[in-house]
Amino acid sequence: MIRIALVLVLMAFPAAADEEIVLGLSHDQVAITATFEGSNILVFGAVRRETPIPDHSDLGVIVTISGPDMPVEIWRKQRRAGIWINTDEVEVDAAPSFYAVATSAPMSDVLHHVEDLQYRITTPRTIRAIGGQVSDSVDFMEALIRIRTQEGLYQRLEGAVDLEQDTLFRTAITLPANLTEGIYEARIFLTRDGRVIDEYVTEIPVRKVGLERWLYNLAQHQSLIYALMSLTIAVGAGWGASALFGMLRR
Amino acid sequence: MQVYLPIAEISVNAFLLLGIGGLVGILSGMFGVGGGFLITPLLFFIGIPPAVAVATSTNQVVASSFSALLAHLKRKNVDMRMGTVLLVGGLVGSALGVLLFNFLRSLGQVDLLVQLCYVLFLGVIGALMFVESLRAIRRANRPGVRPVRRKHNWVHNLPLKMKFRVSGLYISVVPPLLVGVLVGVLAAIMGVGGGFIMVPAMIYLLGMPTKVVIGTSLFQIIFVAGFTTILHATTNHTVDVVLALLLLIGGVVGAQFGTRWGVRMKAEQLRILLATLVLGVCAKLAIDLLIQPAELYSLTAGVL
Numbered sequence: 001m002i003r004i005a006l007v008l009v010l011m012a013f014p015a016a017a018d019e020e021i022v023l024g025l026s027h028d029q030v031a032i033t034a035t036f037e038g039s040n041i042l043v044f045g046a047v048r049r050e051t052p053i054p055d056h057s058d059l060g061v062i063v064t065i066s067g068p069d070m071p072v073e074i075w076r077k078q079r080r081a082g083i084w085i086n087t088d089e090v091e092v093d094a095a096p097s098f099y100a101v102a103t104s105a106p107m108s109d110v111l112h113h114v115e116d117l118q119y120r121i122t123t124p125r126t127i128r129a130i131g132g133q134v135s136d137s138v139d140f141m142e143a144l145i146r147i148r149t150q151e152g153l154y155q156r157l158e159g160a161v162d163l164e165q166d167t168l169f170r171t172a173i174t175l176p177a178n179l180t181e182g183i184y185e186a187r188i189f190l191t192r193d194g195r196v197i198d199e200y201v202t203e204i205p206v207r208k209v210g211l212e213r214w215l216y217n218l219a220q221h222q223s224l225i226y227a228l229m230s231l232t233i234a235v236g237a238g239w240g241a242s243a244l245f246g247m248l249r250r
Numbered sequence: 001m002q003v004y005l006p007i008a009e010i011s012v013n014a015f016l017l018l019g020i021g022g023l024v025g026i027l028s029g030m031f032g033v034g035g036g037f038l039i040t041p042l043l044f045f046i047g048i049p050p051a052v053a054v055a056t057s058t059n060q061v062v063a064s065s066f067s068a069l070l071a072h073l074k075r076k077n078v079d080m081r082m083g084t085v086l087l088v089g090g091l092v093g094s095a096l097g098v099l100l101f102n103f104l105r106s107l108g109q110v111d112l113l114v115q116l117c118y119v120l121f122l123g124v125i126g127a128l129m130f131v132e133s134l135r136a137i138r139r140a141n142r143p144g145v146r147p148v149r150r151k152h153n154w155v156h157n158l159p160l161k162m163k164f165r166v167s168g169l170y171i172s173v174v175p176p177l178l179v180g181v182l183v184g185v186l187a188a189i190m191g192v193g194g195g196f197i198m199v200p201a202m203i204y205l206l207g208m209p210t211k212v213v214i215g216t217s218l219f220q221i222i223f224v225a226g227f228t229t230i231l232h233a234t235t236n237h238t239v240d241v242v243l244a245l246l247l248l249i250g251g252v253v254g255a256q257f258g259t260r261w262g263v264r265m266k267a268e269q270l271r272i273l274l275a276t277l278v279l280g281v282c283a284k285l286a287i288d289l290l291i292q293p294a295e296l297y298s299l300t301a302g303v304l
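Chains as they are written, first to last, in the numbering used here: chain H, 1 to 250; chain P, 1 to 304.
These aren't lab readings, by the way, just hints derived from the structure by calculation.
As the structure is a prediction and not an experimental result, all values here were calculated from the model.
A few of these clues could be false.
Straight-line C-alpha distance at most 20 angstroms; calculated SDA-like pairs for lysine to any residue [stated by the list, open to error]: (1) P:Lys74 x H:Leu248; (2) H:Lys77 x P:Leu107; (3) P:Lys74 x H:Gly246; (4) P:Lys74 x H:Leu244.
To be clear about the criterion: a stretch of chain P counts as covered by chain H if any three or more of its residues have a C-beta under 8 angstroms from a C-beta of chain H, and this derived list gives those stretches [claimed, not checked]: (5) 7–20; (6) 58–64; (7) 243–249.
So the derived label-pair ranges between C-beta atoms look like this [as the list claims (entries may be wrong)]: (8) H:Thr33 x P:Glu295: 30 to 36 angstroms; (9) P:Gln109 x H:Asp18: 53 to 59 angstroms; (10) P:Ile287 x H:Gly246: 38 to 44 angstroms; (11) P:Leu16 x H:Asp193: 49 to 55 angstroms; (12) P:Leu96 x H:Leu228: 21 to 27 angstroms.
Ideal Cβ positions, reconstructed from N, Cα and C, are used throughout, including at glycine.
Only chain H is shown next, with the shape it has when bound in the complex (with noise of 0.2 angstroms):
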């Protein structure tokens, strides 16, 4: 069940340039429930100018949807002894547990590279400080994104986001149903020939609501109270099954 919120944020950007976004989200918040399938953010706005449109270079708008960063452990199987092994692990410090970046055209047009290792925007940029004893630390790196992307935890959505008219854009994002919760960042750019012109940050906190939010805080935080609840759930079962078996045969 998701509370379908429209809310339309109005910012007050200190004036850097001559163009801003103002943005609208369709969700202001992500509820976990316990039937929770995954939602789909819409991520709306426009372009305010005080000035003509500029002739002679290209307007492009970035959206991106980031969760909480996490360590990752990625292994590489081997065989050993005829057998496939885990053998090679590289440690990373924090990846985004979940990153989908929409352009409204191919990357290469709307960001510049100097401007993604500015501001991190591409998914590889996003990802921190790798560690490890291999050499080939760069098959570990594509193969965390290659298993996030299966997964729909990584996003690369070029030419996602619609923009009319250099003015208005609106891109549909979806969160899958297997999400971890936390304070989400959805950061929005304009860029103009690749250059960023203008960004803004706004926060989606993606939470566990209700029971799902009672049972994880129990099982992480009381866990010897929720190891009891839990045992008591299943001998209760199994003494119910018992009883009502015994009243079926009589």
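Since the structure of chain H is provided, determine the placement of chain P on it from the hints.
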């Protein structure tokens, strides 16, 4: 209907879980096994993280075993004294198993250990059961064979002897303790009750009468599996109560049908079916280890 599992942090189809619980329930009703050895691999196949699958299965084992134990208690087929000795060993084994599990988890080898344990034990037990039930079928066709006399072996020459009245035994406590430790370690690592190891060990190694073996084994399994659940929940936080509940409901209903269908079949036929099933699961897991996986890399998130 999709259900989001709060601990596994994935969304799965509730009917799929009810179905798995029901299927395993049918089998456990038919064959008198806890079903942990089937649930855990099935949970791997549908994408539950191995650590969660193992820890949650132990909770499921508690439920199915408790249900069965109540039936055996009514028939007075439980040797409490033997059960307690096995239990002491089992608790020690369970603690050792969880320590080993956590250590290997930190090394990234826990999947391998769990899979190897499964291949090894399912293979051995399945093959033994298959051969034994084939023989039993042949024997049934050839009447008039005398039963084998129980012999005294090395087990009966150990110190610290104790009387077990219900089992009619006067033996050392060392072998039951060791059997208990072994089963405890397996329960922690494989997410199983260990009945499929303990039952043959009690019959062939300790020489207990078959009548009291199942009830006594169940008595011990409940406590070991319960203790293992607590250890996994407090050290790893990997017991998913929503997952367990869905499996339980399916299992409880399935067990009722299984028991009814089971009584219509011959014991040898049942055992050969179970053996085939066990060998099938074993083969599937072995193939996964032997052929080159499509994805050589795997991720372990959130630990450092």
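### Task
Return the numbers of the hints above that this structure violates; sort them in rising order.
none
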